[in-house]
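Same order as they appear, the protein sequences are chains U, B, Y, P, V and H.
1 is the number of the first residue of the first sequence in the UniProt record's numbering; add one for each residue after it.
1 is the number of the first residue of the second sequence in the UniProt record's numbering; add one for each residue after it.
1 is the number of the first residue of the third sequence in the UniProt record's numbering; add one for each residue after it.
1 is the number of the first residue of the fourth sequence in the UniProt record's numbering; add one for each residue after it.
1 is the number of the first residue of the fifth sequence in the UniProt record's numbering; add one for each residue after it.
1 is the number of the first residue of the sixth sequence in the UniProt record's numbering; add one for each residue after it.
Hints are computed from structural coordinates only; laboratory data are not their basis.
Possibly wrong hints are sitting among the right ones.
Once the Cα atoms are required to be at most 20 Å apart in a straight line, the calculated PhoX-like pairs of lysine-lysine come out as [to be verified]:
#1 Y:LYS44 / U:LYS207
#2 P:LYS41 / B:LYS207
#3 B:LYS187 / B:LYS44
Residues of chain U placed beyond 12 Å of chain Y at every Cβ, according to the derived structure [to be verified]:
#4 ILE4
#5 MET25
#6 VAL36
#7 HIS162
#8 VAL198
#9 GLN201
#10 LYS207
#11 ILE211
#12 MET234
#13 LEU258
#14 THR313
#15 LYS316
#16 GLY369
#17 MET374
Quick reminder that beta carbons are idealized off the backbone N, C-alpha and C, glycines included.
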Amino acid sequence: MEIINAFVISLQAVWADSGFSAFTMGNAIMILVGLVLLYLAIAKEYEPLLLGPIAFGCILANFPRTGFLEDPGLMLAIHYGIANEIFPPLIFLGIGAMTDFGPLIARPSTLLLGAAAQIGVFVSLVGAMMLGFTEKEAGAIGIIGGADGPTAIYLSIQMAPHLLGAIAVAAYSYMSLVPLIQPPVMKLLTTQKEREVVMEQMRTVTKFERICFPIVSAILISLLLPPIASLLGMLMLGNLFRESGVMDRLSDTAQNSLCNIVTIFLATGTGMTMSAESFLVPQTLLIIFLGLVAFIFGTAGGVIFGKIMCRATGWKVNPLIGSAGVSAVPMAARVSQVVGMKAKPGNYLLMHAMGPNVAGVIGTAVAAGTMLAMLK
Amino acid sequence: MEIINAFVISLQAVWADSGFSAFTMGNAIMILVGLVLLYLAIAKEYEPLLLGPIAFGCILANFPRTGFLEDPGLMLAIHYGIANEIFPPLIFLGIGAMTDFGPLIARPSTLLLGAAAQIGVFVSLVGAMMLGFTEKEAGAIGIIGGADGPTAIYLSIQMAPHLLGAIAVAAYSYMSLVPLIQPPVMKLLTTQKEREVVMEQMRTVTKFERICFPIVSAILISLLLPPIASLLGMLMLGNLFRESGVMDRLSDTAQNSLCNIVTIFLATGTGMTMSAESFLVPQTLLIIFLGLVAFIFGTAGGVIFGKIMCRATGWKVNPLIGSAGVSAVPMAARVSQVVGMKAKPGNYLLMHAMGPNVAGVIGTAVAAGTMLAMLK
Amino acid sequence: MEIINAFVISLQAVWADSGFSAFTMGNAIMILVGLVLLYLAIAKEYEPLLLGPIAFGCILANFPRTGFLEDPGLMLAIHYGIANEIFPPLIFLGIGAMTDFGPLIARPSTLLLGAAAQIGVFVSLVGAMMLGFTEKEAGAIGIIGGADGPTAIYLSIQMAPHLLGAIAVAAYSYMSLVPLIQPPVMKLLTTQKEREVVMEQMRTVTKFERICFPIVSAILISLLLPPIASLLGMLMLGNLFRESGVMDRLSDTAQNSLCNIVTIFLATGTGMTMSAESFLVPQTLLIIFLGLVAFIFGTAGGVIFGKIMCRATGWKVNPLIGSAGVSAVPMAARVSQVVGMKAKPGNYLLMHAMGPNVAGVIGTAVAAGTMLAMLK
Amino acid sequence: MSEPVTTNPFVIMLINMTVVFIVLIALGLVINLIHAIDPTKEKAAPQKEAPAPAPTPAAPAPEPVSADGVSPEVIAVIAAALASYGYGPAAIRAVRPIERDGWKNAGRSFGVQRTLE
Amino acid sequence: MSEPVTTNPFVIMLINMTVVFIVLIALGLVINLIHAIDPTKEKAAPQKEAPAPAPTPAAPAPEPVSADGVSPEVIAVIAAALASYGYGPAAIRAVRPIERDGWKNAGRSFGVQRTLE
Amino acid sequence: MSEPVTTNPFVIMLINMTVVFIVLIALGLVINLIHAIDPTKEKAAPQKEAPAPAPTPAAPAPEPVSADGVSPEVIAVIAAALASYGYGPAAIRAVRPIERDGWKNAGRSFGVQRTLE
Ligand code: NA
Ligand code: NA
Ligand code: NA
């Protein structure tokens, strides 16, 4: 009899200590959100390497009583790395080692396109402020338009950590949707004649230039905008690993094992910030809306500045490469290429669009630095 | 004269500060223990990837005056990772990425065999309690029978950190001895007719099922048993990396560079907990004895439940696959295969035994979660 | 009007918060130093894998207002790893996995050459003390002569962290200059007849010896000199990974992904200690001078002891292999080979010089341990 | 549970084993549920029938020798397991149907760099 | 800036965009400066003239299929980009001129182990 | 040692060098001891005699060009070193005698996954 009694009480106790007894409707909805994001990541291939672990982290975060953010352990260690902005600069080290800045060096004027496309960031900031977000929150939301995940995460952690999950999800989702979002905007804003502009070959870029570029740009931008020195510094260190020709071992590690390890931690940890209290608020819908606005205006900004450059250079610049200035490397450049090819078969814009494309990475980091300097 | 004096005094001082002057008999015996474990790891190939660094860590831990656990440095950093359960979930991330749950999904009834084999864990727990161990210690000792190193380390750190070294050594040693321990038990408990049962082919497993399985089981088990959410969550995240087909980079890193790095730290750090005071106690012999008991009863539990399933299904299940439920993937499954082949040449049981085999990994994690929920 | 006013004030504020407004002459000079080091690393290929990130770290450290060492973030995390000596033992793990101690085991007498070459360390120590450095500083400076980067960094962090940058730069620079520094010293100290000595083949080394060596030397040296137990322990653990034949996965990771990741952090973090205040002092020039002295005397010590061994063995040892005792593996051994070939074409000294070469790694670690035991 | 209900080892054993069985049975039910709702299973069903007349499990193929020592056996196990499901080498490819349009394919091949932006 | 000068969203937008443009224009000037002082550019200049008569950009080469899924597209992009600079496969090699004496070459091939000492 | 016995640089040098020599000589003795107790050395001994009549050390083989830049020289060094010990390519294999029974072999090939359980 006593045994049966103890047995029943114990089972009740296990149930009482289980997650089910503390499960809230908020947890249920957030797990559903995680499942939807997993569906997008796996079935729709929306940035699966990032959105996959983010979604899984979101699910993990919504199990009650795990003590992830209270008890010492792996999850708390990952959270520490997130809360202290340790991971985004390491991802940028890998991106630097993967990025070919050659097209940008060959035609520095494309930096202007990379700058112009940041208008999306600030239009979104204006919109967010008008919708009642604080300045810091508005800045973090605006950065979605930069189409740079690590920069968005880096800025959000410092300016609006409670919005991190929504901002990261919006940023990576829209990046995947670039091939759907951009072409209508590009066609609307350009004439057939503009889209048919054939660009001439770029000049040769020497090894000397390739090596000097990361060094000099790290110095210049870090001095101008100290808040992004670690982000820019790591990006350019990674690029120096790549271009120096004598640090291939480090370049390979920065691109592969280190980058993948950090990606697992960054993405899972970002997902683990998605608690019901911070995500299931009306603001999340506004953020998703503002992110779309940012992408559209960023694309438009790049294209319109491309039109200006087209006129200014005597029809030597195809405005379609302007849209690549939002970065989302190399998707956006490929969109320029595809839209250009449709206008005029054989018009191969890809390498021309790579200039604004990589300029957009720097441009977004600069925009983040400006906001950190002015709003933080 | 003064020089010779200073010279002699200095040499004496170096000697007085050396490890020799503080060397105890306990240190000497523990270094010998380390050497024996190294012999087993290298010459006998007992789980060399784990037992090798554990043994070396044991030797390192018994050098006097190194200050490993007092002064900041690599060793203290590794110890921090051990004491805070940071490493076992990361190993499980890699195991998840290596594990094919297909055979389990194709025949979910094998989960029962994975559950039945956990009886070894609890028989050992009962034995330990009757031999005077506390409940927590008994739980940590029992988990040796689960034949899952990371789970055993995870549980021991939380329930009985002073027994970690002995438990880890016993767990990995017996895992290597599975081909010696299991066959006699299996033959004793089965008839020739049972051993000759030919199992029919498993059904096709779709990609949909393979992708849903890690997600759904992470949710279900984490909600039921929050104390193992980080362990199970990482196992299933790794498996999702593997099965999704769109996160191969992360799957590869989880299986290789990340897993190897963490293995070095986990195993060396586990070895470094093996101080003379905690290891050279009579309880260590009891732990080793209880570990053997646990393996034998786990094997028996799986086989006996296999016999039940054999009868229940009308001789469609070969009881020999039940022993694979102790996990020790894929050794135990191979033992089932070899014993089955001896009974009836051509009776290929390997893939049928993989079901209970991977079920045993989940079963042991569940058993650990149950004990953490009830005894901690 | 108000807008223009706000605009101007904001731009002024951004400028006032930028690095330029706090930029000092010291920063400028240190950035120039970093650029010179980058030139040496990339164009002259002076230890590019180390000197490259050190130089870049030096540049990063001299951007004002980045808050790298105050605010939480990646840079502070790296700095923590530097300040707590976490990285050098991990590099030694990789070096151990890369090193073949076979030539040393085959001819243990070459350990004496590895010991004799440490005279450079102590001559430099004497010089530093006579030039007014404290004992600890002098010890850290002397270790430059050991030609072992990780050991030099490990010792400097503990004995003279403010000199870390200068010592690391000197150590890696001179290591690259071994082919220029050593040959004149070697020729000056040897006769043509000595340089022509042909050495007989080394004896076979068994796997048993190769496996026992790392274990036994870790035990012996760690007991004699506890302050270097973590350094020596990791070196020998790495070598055991290599030689055991059953831990190839761990050996590969120790040599590649782990080693590269730690190299990035160690070198960048070392560079980041190079602030103007600590580097732009007259002592830096003295350190560079003393480092050269150390290399010259180390080479001379090895060669002179080689001459002694030559006579003692009846002209069976070529004194040219003595210079390899400074380590700088395998550069110094190759220098022995090249100088030997010039004296007598076909006199293949490379494998004979590998013995003192790897002995020099152990010798420098022992010298560091001695100084830590006596001076710290 | 700060205060355990019982200190009787056998009761602890009983309770724990019960929980283990409950959890794994629940997991088994969920697996069956996934199978039931699987929208892709129809295509696979006829394939399952086909190999039934040949119930002899595939003989284990000669084990590939892997130079780096990494899990050649595991590969064999997986291959054997797949073979036993009725897959031949050709069928295996079909496990991951490639049904992407041009854009998604482009996205996929660009995936590495893009996803880290 | 602990106290922002303005809270007018449009002014903030204007100021930020201005700073972004200033920084990127400064970067562009620096790139031009690097090009101006580049001591290695002469050799490349005539090469640029040569392919001018054939202004049709190189057709994209068939994309290499990379088994490990790592950025085959990116490789193609780089190759295409290089092709458009006037490099043929032979010219590409010339980007990194090998002008080392014996010692440096030796150092380089020994580099891996040496640099970690 | 909180208070050093001497601050005379030369005495410090002397003491330190003495300790370095003592430690490395002790290590040398231990290496000889290992060699003395080595139970596997008999087989190798006759092999050592054989190549004695040909004391000319093996000429350095043409260095293999390693595409990934990882230590081709080191490989050559090891090969040359082995060659000088009297090993030919065939003899090298004998360094690690393979004397395992079936089970251990099985364990080894399964090792990767198993050891991480
Ligand atoms: Na951007
Ligand atoms: Na198990
Ligand atoms: Na040395």
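(message) Hint by hint, where does the structure go against what was stated? Just the numbers, ascending.
(response) Structure breaks hints 3, 10, 11, 12, 13, 16, 17.
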